[in-house]
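Visitor: The chain contents come next:
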Amino acid sequence: MKIKVTSIYVDDQDKALRFYADVLGFTKKTDFSQGPYRWLTVAPAEDPNGTELQLALNNNPAAKAYQEAIFQQGQPAAMFFTDDVKGDYERIAARGAEFTMPPTGVTGSTIAMLNDTCGNLIQLTQLAHYSR
Amino acid sequence: MTDREQYMPGPANGVQIRKDGEKWTLILVRELRHSPEKVWQALTDPAHLREWAPFEADGSLGTVGTTVKLTTVGAPTPHVSETKVTRADAPKALVYNWGNHDIRWELEAFGGGTRLTLWTNIGRRFISMGAAGWHICFDVLDRLLSGTPIGRMVGPDAMKFGGWQRLNAEYAKQFGIEAPNWPPQAAQES
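These protein sequence lines map, in sequence, to chains U and A. Letter 92 of the first sequence, counting from 1, is numbered 92 in my numbering, and no numbers are missing. Letter 180 of the second sequence, counting from 1, is numbered 180 in my numbering, and no numbers are missing.
Chain A with its partners taken away, still in its complex shape (with noise of 0.2 Å):
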């Protein structure tokens, strides 16, 4: 079995929600064992988040200013964001749009490694689904850093993954909501 086949998440962890209002703020905390200028560049290399971020980047995020098209990866229907940088301290911190979503991340050096936070906003009935699968590409950018690489696991990939199920229900239970219908029952009929 290859190192793909064999992943399998470990238990929801490392995420917080926070509410104000109607907007939900998805917040992310991993530590790696990689320096930050090693973080920053996957974060913002179009060549490493094709590895394991949910979007293509059509150019590098790593210089403020910037318009990047992003690409969500196995939407179903072609879909594309042009997002700006509005922030990007290499190698501390990055913020940009995709699309109504906003995107910062914080680079922290720690005990020789990295402690990385994200925080993305979200809509609510979906905040578990997101948790899940940012869990997971966390996941694939440990092991892409690593030297390791297992390769995106994303939309699709991500979805008819039983550990992504599990997370998404675990975090649902987590943020006390009610974990979304997935799959939807005309594909659990087929």
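Here chain U stands alone, though its shape is the one from the complex (with noise of 0.2 Å):
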């Protein structure tokens, strides 16, 4: 078995689109519709054929209201991992991105958390490298 998609709820697919497009410099990989169900992906450009995000049109009253109190919790629906996180945090909020957390040391990696503004928080994460 592989992991090539992991879904994230979305409010809205076109906006969720221009924000994992436009903000983060996501690649659009698969789009299609068949009535009103729309499968669209998207993968990182640094990462274009890994595993890919599929913003799932969230219509359902379960996972509205799971999205929403995790939402309010601070929790978030998804974890991006890289390599400089005070660099993504610094090129994503200078795209109009609001963090709610600036990158922060915590045990073993940096994090910072941002609103997708599609119902989500999506953590990125760097580890922290210890020298031996």
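Heads up, a few of these hints could be off.
Interface residues of chain A toward chain U, partial, derived using beta-carbon atoms under 8 Å [said to hold, decoys possible]:
(1) P54
(2) T66
(3) S81
(4) F126
Per label pair, the in silico range of CB-to-CB distance [to be verified]:
(5) U:G87 - A:R166: 48 to 58 Å
(6) U:F81 - A:P11: 31 to 41 Å
(7) A:D58 - U:H129: 23 to 33 Å
(8) U:R18 - A:D89: 37 to 47 Å
Keep in mind that the hints were calculated from the coordinates and are not lab data. Backbone N, C-alpha and C define an ideal beta-carbon position, used for all residues, glycine too.
Please assemble the complex out of the two chains, which come individually in their own frames, going by the hints.
Guide: Spelled out as structure tokens, the structure:
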């Protein structure tokens, strides 16, 4: 088995595509529709053939309740890894994204948290490298 | 060969689009040699819908105010939309939503048959795919009403079918848009 796609719920797929493409710099991978169903995936420019992120329309009341609750709690809906969290923070903030947490040192890593404008907090994580 | 295997849709015809800013609406018109009452039943009764429509309904769509669950047939992940019937004037007008798509049917008695019109909004990127899909659904509906059903042809059954691909390209040309890249490259390579 392989993890090729992981999903995140969004309140509006067009808006989500704009945010993930224009602000985060992701590339659109697959986009097709069947009636009101739309399968939409993106991948980070740095890893275009890596795991894709499905931007799934949240029209499910149970999923909406869960999404809103974890957002209110400050829990990220997804976590992306980077080698330069500070550089990413500056680049993404300059494009207008709202960070709810600037780069912050925590155990084993430096993290930052941003609002994807579609109902989610996204955590950026840079693992710490300790010298031996 | 069965009727289903022999089926091949005619050329792109009977579909228009209306552009209202970002909201694009697909308008399909088809003249059927069957009474409005008979067509109405095919549009509202779950057992009839199962024979031609792109969704399964868990109840009749024929009563205003009812809530019905519509399951998209063949979606890549399970997809159920709760719909509300907002207009049901048998056998003339039927309005409900399918997810974020408004679906409006009009049935007009016409020379002993019915002139059937469907209005539905659809994302502009997918308008030719939608036109091709509904075109085939209308053909299948016509066969069903004529007593020679060929079986529902939607989702993956439609998309892998050469007739659908041709219609998609023809409608894209007619509407002056670029045909969506289908099948996806990954599927073409495998």
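Visitor: Each hint should be assessed against the structure and marked as holding or not.
Guide: For each hint, the structure was consulted:
no. : hint                       : verdict
1   : P54                        : holds (5 Å)
2   : T66                        : violated (18 Å)
3   : S81                        : holds (6 Å)
4   : F126                       : holds (4 Å)
5   : U:G87 - A:R166: 48 to 58 Å : holds (49 Å)
6   : U:F81 - A:P11: 31 to 41 Å  : violated (52 Å)
7   : A:D58 - U:H129: 23 to 33 Å : violated (55 Å)
8   : U:R18 - A:D89: 37 to 47 Å  : holds (40 Å)
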